[in-house]
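Chains A and B, in that order, are what the protein sequence lines are. Heads up: the first sequence begins at 1 in the numbering used here, then just goes up one per residue. Heads up: the second sequence begins at 1 in the numbering used here, then just goes up one per residue.
Because the hints were derived from the structure by calculation, they are not lab data. Among these hints, one or two may not hold up.
[Unchecked claim] Residues from chain B shown here face chain A by an in silico Cβ test under 8 Å; the list is partial:
{"no.": "1", "residue": "P19"}
{"no.": "2", "residue": "R22"}
{"no.": "3", "residue": "P29"}
{"no.": "4", "residue": "L31"}
{"no.": "5", "residue": "L32"}
{"no.": "6", "residue": "S68"}
{"no.": "7", "residue": "M69"}
{"no.": "8", "residue": "L70"}
{"no.": "9", "residue": "S87"}
{"no.": "10", "residue": "C124"}
{"no.": "11", "residue": "I125"}
{"no.": "12", "residue": "G126"}
{"no.": "13", "residue": "S129"}
{"no.": "14", "residue": "Y138"}
[Said to hold, decoys possible] With beta-carbon atoms standing in for the labels, derived distance ranges:
{"no.": "15", "chain 1": "A", "residue 1": "D330", "chain 2": "B", "residue 2": "Q61", "range": "43 to 49 Å"}
{"no.": "16", "chain 1": "A", "residue 1": "D122", "chain 2": "B", "residue 2": "K13", "range": "21 to 27 Å"}
{"no.": "17", "chain 1": "A", "residue 1": "D304", "chain 2": "B", "residue 2": "P43", "range": "57 to 63 Å"}
Note that the Cβ used here is the ideal one computed from N, Cα and C, for glycine as well.
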Amino acid sequence: MLYNKPDPQEVKVLTRRFGLENSASIDTYLATDGYQGFLKAREMTPDDIITEVKTSNLRGRGGAGFPTGMKWGFVPRTSPKPKYIVVNGDESEPGTCKDRLLIENDPHQLLEGMMIAGLAVDAHAGYVYIRGEYRYLIDILDKAIAEAYSRGWLGKNIQGTGFDFDVYTQTGAGAYECGEESALLESLEGKRGVPRIRPPFPAVSGAFQCPTVLNNVETYSAVPSILRDGGAAFASLGTPRNGGTRLFCLSGHINRPGVYELPMGFNLLRMIEEVGGGVWRGKKLKAVIPGGSSCPVLTADECDLAMDYDTLAKAKTMLGSGGVVVMDEDTCMVKAAMRIMRFYAHESCGWCIPCREGTAWLRKLLIRFHDGGGARSDIDLIGDVARNMLGRTFCPLGDAAAMPTISFVEKFRGEFEAHLAGRPCPHEHADHLALV
Amino acid sequence: MTFSPELEAKFDKLMKSYPPGRLRSALVPMLLFGQDELGSITPELIDEIVNRIGVTRLQVQEVLSYYSMLHTKPLGRHHVQVCTNISCLLRGGDKLWDHVCERTGLKNKEVSADGQVSIEEVECIGACSWAPAVQVNYDFHHNVTREELDRLLDGLEKKQ
Chain A
1 MLYNKPDPQE VKVLTRRFGL ENSASIDTYL ATDGYQGFLK AREMTPDDII TEVKTSNLRG
61 RGGAGFPTGM KWGFVPRTSP KPKYIVVNGD ESEPGTCKDR LLIENDPHQL LEGMMIAGLA
121 VDAHAGYVYI RGEYRYLIDI LDKAIAEAYS RGWLGKNIQG TGFDFDVYTQ TGAGAYECGE
181 ESALLESLEG KRGVPRIRPP FPAVSGAFQC PTVLNNVETY SAVPSILRDG GAAFASLGTP
241 RNGGTRLFCL SGHINRPGVY ELPMGFNLLR MIEEVGGGVW RGKKLKAVIP GGSSCPVLTA
301 DECDLAMDYD TLAKAKTMLG SGGVVVMDED TCMVKAAMRI MRFYAHESCG WCIPCREGTA
361 WLRKLLIRFH DGGGARSDID LIGDVARNML GRTFCPLGDA AAMPTISFVE KFRGEFEAHL
421 AGRPCPHEHA DHLALV
Chain B
1 MTFSPELEAK FDKLMKSYPP GRLRSALVPM LLFGQDELGS ITPELIDEIV NRIGVTRLQV
61 QEVLSYYSML HTKPLGRHHV QVCTNISCLL RGGDKLWDHV CERTGLKNKE VSADGQVSIE
121 EVECIGACSW APAVQVNYDF HHNVTREELD RLLDGLEKKQ
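This is chain B alone, in the form it adopts within the complex (with noise of 0.2 Å):
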């Protein structure tokens, strides 16, 4: 399997960055990793990780079960995350979520039929003073008002 340049360029570095017999602790950052550029985590690229690292098939399995942020089906394009714990909530977060449901017709977890966009309510996401908070795929949104909320959606919905 052929990655970019990047991607190897990180798994080179990964494969280095281990005492010796000790390749397993890099399962987790290039499942992620791997992830960030396939969409999903496919069997190609646990075929590839496992002929990497010499792990078995059962310990990524062990792991892809426990991992939040671990999917071996694609998200959407846009991952909309909505934070609705305690400081998100106290200012308003569980609101943005159901705004979320609504506008979007999804439920949690799910992906829109064209694959651009995805909802999920998360936890804490480290956000707390900056509050309600939305992670869309990587990025921050901090403070983020209905109207905002609403500008974001619209947004995403024209880079399709």
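Here chain A stands alone, though its shape is the one from the complex (with noise of 0.2 Å):
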């Protein structure tokens, strides 16, 4: 099902088939080039398969930008060690719904992005990781893997090519922290959500301590297309080193919010004016947060950028899972901080300290000062608390929770010296939050 309308501006790749009839059944999936990359994959070696990855210039979507090809290329091929395909679908990065729009109308394309990869790495078994309140994905992602056993495009001898390849979902019950990739191998291993000590990697040691690959859903579904016409064509639909097309989410104080597949590089204004509609109620642009919570925040001034990995990198924030918030003119930043705040700390998993003691000091701060119940000295401690999680963490969830904490305090430091003094939050009175 789709939830919002398409825009004409949109280059369909990976949402090809989404508004299609039946479009999760393997009927529909066939009948459009279906598991025509697997079949072409299967008549390359695994050497030339990840070449043609790497020259689609596809990076991970999940958020960090790691270029796909090359992570394959970890992969240890010759190890006596079964391995493993992981897809990474915990997707629960505030500003984010995308990966969910793909397992539910394109489910097909998802196993055979899984399957080339076990065809580059030697892998014959793949898992895919769902958060727990995406519980109707598993049931529509068990019934495309059924099908596809019947039809012969998993199990054994798949459509007589002699490889073999399983599908197994695994739930998540409930946790931010098991989108980090060793925690989520923690969590496939029946324990915990806490990080590992890396390295090793996941692509030495992963799931059951095995060589494993391990994407986003957006990444995996990007590779059938890839295979099928080309990484250079993938690669011409982006900027240089940032291949392709990507699934954003513009949320917040937008027009026509919704989940719309743009080639790489767009730029963010015309995103918001032309795609999003502009922003609701005749309102001005105060902020944008570019790839979901855990990226610094961009003021208006600042939003006439290219959206891929490198022009976001140079404007000092990420392009992370493609989650675009919309801020307007009357958003109180102190109370958007906030909030972001809340969530992190509720999202620690506690494996160690400078995130745990870090987030939970921010959320008090952060609560107390937009109360009005701040000190002038306040605004600078948090950016201190904040600057020193900075690297020290396990894992990136102490720098998600402080970067955006840092760009705030820096960016709009007018909107929190406001609230000194015992004031209320000046924003409240303009029942801007008031509902649609």
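Hints are included, so try docking the two chains, each in its own frame, into the full complex.
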């Protein structure tokens, strides 16, 4: 099902089957070039498959943006241990709701991407880890897997090619931290989702301490078209080193929020104005979080940017998971920072002290500040605590909490100052948060 | 302990989903699927899982105290979850949450006296582009207005 109307500016590669009748069924999939990328990959050597993915300039869609082909190349193919393909479907980054659509509308595309990864690294089993709240997707994917087995696209000797591949679904049960790759692997092994010390990285020691490819749902979903139409074709859709399209999730104060597939490098202001229909209620733009709540916020003046990994890194923020959160002129930035920190404090797994203590203190400081009980020195204290978390935690959750906080304080210091002296939040009267 | 044939089928499938010696991997799904059927994670369910996959009780406790969706006490038959994270907040998710609290007279994670309704303020549920969003058990409700929320709650009361 689709929850918003498509936009004419979309370039539909991963979403090309969205909206077709029974788009999730294997018949629809096979009738629209389904599994052709796998058949082509079966004729290629593993090195050639990895080269094709490298040529595509596909980079990890979960948030870090690591080149996918390179990641696959790290797997020791000749290891005597079994290798695994693991899908990160724990989609929990606030502002992000795209993997859900990919599994719901085109589960076979994901399965085909996993199979091609299997061919590339000599893996014969895969796990799709899906967050517990997305319970209905387990049923959709289990149905697609059963269809694939019954039609000979999974299991032993797939379509007579001599290649064996099995896929299993695995549910999470409510933990943002399990979207971090090593915590996800702990969860897959039936444990608390706390991160592992790296190295070794999952490519060498991942699921069940065996070599593992671990990518996001959207990353795998891009792979069938790369093999089918060639890596160069995919790369040419985007900008240099940032291949293809990606699913952007527009949310917040915008007229047409929704998930849209746009080329890498699409201008952020145009995305808001043309695709998203502009800021709602004729209001002015104040700020944008460009890639999910972990990314430093951009002021309205900073938004004339090409949305790709490298341009956003230069702007000292991140493309992240593609969650574009738009905030209008009436938004209280202290409240936004406070709500985001409440989330990280709730989701910190508690494994390492800088994150566990840092997020808890920042949460307290920001709640008190928003309520008008802050002191002037708290503004610097908030930035100070956050800066002391950066780079000192086992996993990126600590950085994910610290980076946006530092950006909110630095870029909107005036709003923090306006909350001083016991005055209530100056924005609360504006009623901009009243129901639509 | 006997389960429904559907749950038994799920458990059987899980037992065959992992490499040899890795049955502990089935723990989180078994707890969640068991809770879906029984309403909560009961001592009997824990006993059964301990026997089937050979984990220790401590290993079960470790997991129970970590994952926010696993509950040892029953939730309401209709568990109303309101997202107030950033994308929902910007479109009034916090006001929806206040309204649910007011209307039901319940606080966060409380269950009504008749066991029919429980409420929870939840973190991002992955419906950001269709905010504000509410999840009742596993069902998503998108672009929820106060009026729609009222109709939804009225409907739940009628289902009792």
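Q: Could you check the structure against the hints above and give me the numbers of any it violates, in ascending order?
A: The structure breaks none of the hints.
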